[in-house]
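Asks: Each chain is listed here by its residues.
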Amino acid sequence: MNVLEINRLTKLFNRVAALDNVSFAVPEGCVVGLVGPNGAGKTTLFSLLAGFLQPTSGDFQMFGEDGVRLLPGSGALSILPQDARFLTQIPILRHFIWYARLMGFGPVAAEAEARRVLGTVNLLEAGDKQGDQLSHGMHKRMAIAQALIGSAKIILLDEPTAGLDPAQARNIREVVRNLKGNQTVVVSSHNLDEIADICDYVVILDKGKVVSSGKISDLTKQTAKVTFSLDAAATGEVLHACQALPSIAEANLSSDRKKISCIVDSQAIDNEDVVTAVVGILSANGLSFTDIRKGSTLEERFLDVTDGGD
Amino acid sequence: MTGEIRRILSFEPARAKNNPVIILAVVLAALYFIVIGIYLGRAADEINSAFSEFRQVAEVGFQESDVPIIGWLRDATDPALQALFVGHSPLLAIFFWLALLGAPWIVMLVASDQTASELSKRHIRFILPRVTRRGLFMARLLSSWIVWVAISSISLFLVGIVLMQIGDGENRDSDYILMFRMIWILAIYGIPFIALMAFINTFISNAFLSYLLGTGAWSIFWVLGEVGSWVHEGFRFFSYLIPTAVKYPLLSEDPQRFLTGVGGVAGYSLGFIFFGILIFSRRDV
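If you read the sequences in order, they're chains G and X. Per our numbering, residue 951 is the first one in the first sequence, and the count goes up by one each step. Per our numbering, residue 746 is the first one in the second sequence, and the count goes up by one each step.
Bound-form chain G, shown alone:
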């Protein structure tokens, strides 16, 4: 069942499309990664879903209901906004108790919930700090914690690990993993390894449009691609020889000429003869390979479908 269905969502700023007819669905209980270059529209999409921005056209359904109408005050969705700040001179714990009260918790339960989410991000002892006393990393983790109050069914996390040190980032990834199954999480990040690590699905945005989406395993399988990592730079002759092989539709060299990617006819992907033939060409030219990979990483897939691959 899809908890979130986005239909042709468009947002114009001064007649420029930040989002252009974006459509995709988010299945219940999974973690979805939202990736794209800077300015691709990720934050705009989150802001539309959270009700901060009004769509120019299109709509979205949450739990089968109109998201714009369901959203306000329902507590069905929570978000880590990228640029929101806590109020200065008021302890964070006081903020959190209030947020919990707004979601219907009684006074005692609200304090317990506030302490629970602070503990989740290992900041229980920092609850007395005021909004203007937090370091960047601490503020980010506090902002993540507020999104966990009340166990919203859909949680949007806009770049949750940006600016965190490795240990803190790992803690946050663990938090997200633990949410899987009970809550649906949409995470945006520039860290594609992180997305590949914690997400089940990925949506790639570029210039406001969805350029690719699906299960990460499907996107990276790319059965028609074999990549050889070489021990030295290959020459043009090697490339031409590979391109001349009958089952190879296309062959490309990386910019440092130490990787050769062959797009193979899909029927031939499991045919070891193709690999043997390429290895033969490499060996004839005094090269050997250090790694062979069938399919592509998420990063390669990302670069393929966005301008980053130019």
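For the record, the hints were derived by calculation from the structure and aren't laboratory data. Hints may contain errors.
[Claimed, not checked] Now the stretches of chain X that chain G is said to cover, found in silico as 3 or more residues with beta-carbon under 8 Å: (1) 872-880; (2) 884-891; (3) 931-941.
[To be verified] What the simulated footprint calls covered on chain G by chain X, stretch by stretch (three residues with Cβ under 8 Å from a Cβ of chain X suffice, anywhere in the stretch; the number is not a length): (4) 996-1006; (5) 1028-1036; (6) 1040-1049.
Every residue gets a Cβ at the ideal spot worked out from N, C-alpha and C, and that includes glycine.
Chain G is fixed; fit chain X onto it per the hints.
Replies: Chain X alone, transformed into the frame defined by chain G:
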């Protein structure tokens, strides 16, 4: 929505006591009331002797005096204002009149940061998934009104009590009644100004700029209405675009005129609230 407003209001004491704009408003309001209280206290003898000669001011009008404030009063011809001096301590009556005149400046400052700083700091993005925009708008309006009522009633009461001691009011009971009447007149009179600032806050994300716009617009319409009417009576129309128009009707003891004032308060307030919610519920934050 009532429960939602109550929950939003539960955070207001913490927000208000840490909000520099609200603290500034409280201090300035207290200063304003105290300063005019001190001024009137020092001029008490002259004011009392001036008024002892014309107790029935509504019939004979205000007389000339060396005290500047009484000079200003001579130009105030509204019968509701003149009636304020009948049977009450003149010190108290003048104090309430000045409180009424200064109220818009103070109440607009009190109400200038309903959502402005939260919009600029984007703290509102932590709140909006949990509340409706309408609920937030109404709660902040109500919160500003509560602060205004607290400031104005405490100030009026404390300074009023002191002035009653040094005034020469003949009827103390009547002065007490007047004081409590003034407290709730000021409470009502503040509502449309608070609604005006709530409306302005929906499109200006800065408390100080909101205050400048509110007081600026109010001043311009006031000047157009008052000064313009010297040129042509048609300019008087501009006076009715700002809530100041309800000031003397609210003060009136004539029930019909008083109800006109209450209707005016409701009209201005509902108008600002309607357009405020309209903009706030549609704007990007």
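Asks: Determine for every hint whether it applies to the structure shown.
Replies: We went through each hint and held it up to the structure:
no., hint, result
1, 872-880, "holds (count 8)"
2, 884-891, "violated (count 0)"
3, 931-941, "violated (count 0)"
4, 996-1006, "holds (count 6)"
5, 1028-1036, "holds (count 7)"
6, 1040-1049, "holds (count 5)"
The earlier numbered hints that this structure contradicts are 2, 3.
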